[in-house]
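Engineer: Reading the sequence shown from the start, the letters are residues 1142 to 1221 in the numbering used here.
Take these hints with a grain of salt, some might be off.
Unchecked claim - Below, computed lysine to aspartate or glutamate pairings styled on EDC-like, alpha-carbon distance capped at 20 Å:
#1 K1199 <-> D1214
#2 K1153 <-> E1176
#3 K1199 <-> E1159
#4 K1153 <-> E1190
#5 K1199 <-> D1149
#6 K1199 <-> D1181
#7 K1199 <-> D1147
#8 K1199 <-> E1176
#9 K1153 <-> E1211
#10 K1199 <-> D1156
#11 K1199 <-> E1211
Worth flagging that the hints you see were computed from the coordinates, not collected in a lab.
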Amino acid sequence: MLHVGDYDAPAKLVDLSESGMLLYLVEWLIGYHCESSVGDTCHLSMYNEGAVFQTRGKVVRRMGNLIGLEFVDLTPETAV
1142 MLHVGDYDAP
1152 AKLVDLSESG
1162 MLLYLVEWLI
1172 GYHCESSVGD
1182 TCHLSMYNEG
1192 AVFQTRGKVV
1202 RRMGNLIGLE
1212 FVDLTPETAV
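Using the sequences and the accompanying hints, generate a full structural model.
Structural biologist: Structure (C-alpha cells):
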C-alpha cells in the first residue's frame, strides 16, 4: 500500500532492490488517481511473513501506473 498525503493506493510490487522498488499502482480499485510526482516523499506499508511493516520512499520516476521509489530513512527493522 502506498500512502501519499491523505490518500492510500494499493500497489503491486514489480521489482525490489536494496535501494528501492518499482510498483504498479492499482488505482482502479480505489476509483481515483494517485497524485504523486517525482520528488514526493511517501510512506509504504508492506506485508512480509505474517507481519506488516512501514518504511518511507521518495518518488524517483513516474510513468502512468508505474512508480519508482527510492528508500529513505531505512531502519534496521525495515532493512532486514
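Engineer: With reference to the structure, classify each hint as holding or not holding.
Structural biologist: For each hint, the structure was consulted:
Restraint check for K1199 and D1214: satisfied, since their Cα atoms lie roughly 10 Å apart, inside the 20 Å limit. Of the pairs offered as hints, the one joining K1153 and E1176 holds, with about 17 Å between alpha carbons and a cut-off of 20 Å not exceeded. At most 20 Å may separate the alpha-carbon atoms for a hinted pair to count; K1199 and E1159 meet this at roughly 14 Å. For the hint pairing K1153 with E1190, the CA-to-CA distance comes to about 17 Å; that is within 20 Å, so the pair holds.
Distance check on the hinted pair: K1199 and D1149 sit about 16 Å apart at the alpha-carbon level, within 20 Å; holds. For the proposed pair K1199 and D1181, the alpha carbon gap of about 6 Å is at most 20 Å, so the pair holds. Our distance criterion of 20 Å between C-alpha atoms is met by K1199 and D1147, whose separation comes to about 16 Å. Only pairs whose Cα atoms come within 20 Å are accepted, and K1199 paired with E1176 is accepted, the gap being roughly 14 Å.
A threshold of 20 Å between alpha carbons decides the hint, and for K1153 with E1211 the separation of about 16 Å falls inside it, so the pair holds. Among the hinted pairs, K1199 with D1156 is consistent with the structure: their alpha-carbon atoms are about 16 Å apart, no more than 20 Å. Under the criterion of a C-alpha separation no larger than 20 Å, the hint pairing K1199 with E1211 is consistent with the structure, at around 5 Å.
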